[in-house]
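Protein chains: 2
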Amino acid sequence: MSIFRFFSKQTSAPTARERLQVLLAHERASVGQSDLVAVLREEILAVIAKHVQVDRDKVNVTMERGEHVTTLEVDIEIPIKAGVRAA
Amino acid sequence: MSIFRFFSKQTSAPTARERLQVLLAHERASVGQSDLVAVLREEILAVIAKHVQVDRDKVNVTMERGEHVTTLEVDIEIPIKAGVRAA
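Chains as they are written, first to last, in the numbering used here: chain A, -14 to 72; chain B, -14 to 72.
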């Protein structure tokens, strides 16, 4: 499971793009249990899309289900001119 | 900024509790810009609370604003008997 790669290479100079990363991890008590992460995934993407203009091809979603832990990683490149919608 | 601590100590035996961690990181293009993470924070917590019974005192929220990157870390211990509500 890749940790937040862009943290390790934080450039001092302002970057020409914006980026939003979301990492979700659910540690289950029992093995066969339903997947909370799969349930949350669409709703969290919908919350983000409400506030940020998102190009579908600039959204990278990775989900990994282990025996006890399921992780979801969402990596979104935000177009500069759009940036954040007024809340 | 602490990375997902419980990833490093994944126990093979099933744990007696469930845990959900959310890590959000927004890398901004310009320094003074509004805080997307602060905008998303409440709505993401609301999405989670819809699907998981959350005890307020078992929710740990940490936000750190750096020059270019703002991070939000949410750490929720989920009571076993509650677990995930039927979606």
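Source of the hints: derived by calculation from the structure; they are not laboratory data. Hints may be right or wrong, so weigh each one.
The calculated label-pair distances, taken between Cβ atoms and stated as ranges, are [to be verified]:
hint: 1; chain 1: B; residue 1: E28; chain 2: A; residue 2: T47; range: 21 to 29 angstroms
hint: 2; chain 1: A; residue 1: M48; chain 2: B; residue 2: A34; range: 18 to 26 angstroms
hint: 3; chain 1: B; residue 1: H36; chain 2: A; residue 2: D42; range: 34 to 42 angstroms
hint: 4; chain 1: A; residue 1: P64; chain 2: B; residue 2: D20; range: 29 to 37 angstroms
hint: 5; chain 1: B; residue 1: K43; chain 2: A; residue 2: M48; range: 22 to 30 angstroms
hint: 6; chain 1: A; residue 1: I65; chain 2: B; residue 2: K43; range: 33 to 41 angstroms
hint: 7; chain 1: B; residue 1: A34; chain 2: A; residue 2: I65; range: 15 to 23 angstroms
hint: 8; chain 1: B; residue 1: A23; chain 2: A; residue 2: N45; range: 36 to 44 angstroms
hint: 9; chain 1: B; residue 1: A31; chain 2: A; residue 2: V46; range: 17 to 25 angstroms
hint: 10; chain 1: B; residue 1: E49; chain 2: A; residue 2: E52; range: 29 to 37 angstroms
hint: 11; chain 1: A; residue 1: G51; chain 2: B; residue 2: S15; range: 19 to 27 angstroms
hint: 12; chain 1: A; residue 1: M48; chain 2: B; residue 2: E28; range: 28 to 36 angstroms
hint: 13; chain 1: B; residue 1: D42; chain 2: A; residue 2: E62; range: 34 to 42 angstroms
hint: 14; chain 1: A; residue 1: R41; chain 2: B; residue 2: D40; range: 32 to 40 angstroms
Derived lysine to aspartate or glutamate pairs resembling DMTMM-like cross-links, with alpha carbons at most 20 angstroms apart [unchecked claim]:
hint: 15; chain 1: B; residue 1: K35; chain 2: A; residue 2: E28
hint: 16; chain 1: A; residue 1: K35; chain 2: B; residue 2: E28
hint: 17; chain 1: A; residue 1: K43; chain 2: A; residue 2: D60
hint: 18; chain 1: B; residue 1: K35; chain 2: A; residue 2: D60
hint: 19; chain 1: B; residue 1: K35; chain 2: A; residue 2: E27
Built from N, CA and C at the ideal position, the CB exists for glycine as well.
Comparing the hints with the structure gives:
1. B:E28 - A:T47: 21 to 29 angstroms: Holds, at about 22 angstroms.
2. A:M48 - B:A34: 18 to 26 angstroms: holds (22 angstroms)
3. B:H36 - A:D42: 34 to 42 angstroms: violated (28 angstroms)
4. A:P64 - B:D20: 29 to 37 angstroms: Because 18 angstroms falls outside the window, the suggested range is violated.
5. B:K43 - A:M48: 22 to 30 angstroms: holds (25 angstroms)
6. A:I65 - B:K43: 33 to 41 angstroms: holds (39 angstroms)
7. B:A34 - A:I65: 15 to 23 angstroms: Given a distance of about 33 angstroms, which is not inside 15 to 23 angstroms, the answer is violated.
8. B:A23 - A:N45: 36 to 44 angstroms: violated (24 angstroms)
9. B:A31 - A:V46: 17 to 25 angstroms: holds (21 angstroms)
10. B:E49 - A:E52: 29 to 37 angstroms: 32 angstroms Cβ-Cβ, so the 29 to 37 angstroms window holds.
11. A:G51 - B:S15: 19 to 27 angstroms: Cβ of A:G51 to Cβ of B:S15: about 38 angstroms, so the range 19 to 27 angstroms is violated.
12. A:M48 - B:E28: 28 to 36 angstroms: violated (21 angstroms)
13. B:D42 - A:E62: 34 to 42 angstroms: Holds, at about 37 angstroms.
14. A:R41 - B:D40: 32 to 40 angstroms: Given a distance of about 37 angstroms, which is inside 32 to 40 angstroms, the answer is holds.
15. B:K35 - A:E28: Holds. B:K35 to A:E28 sits at ~10 angstroms (cutoff 20 angstroms).
16. A:K35 - B:E28: holds (10 angstroms)
17. A:K43 - A:D60: Cα-Cα ~8 angstroms, so holds.
18. B:K35 - A:D60: Given that 20 angstroms is the threshold and the Cα spacing comes to 24 angstroms, the pair is violated.
19. B:K35 - A:E27: Roughly 13 angstroms separates the two Cα atoms, so the pair holds.
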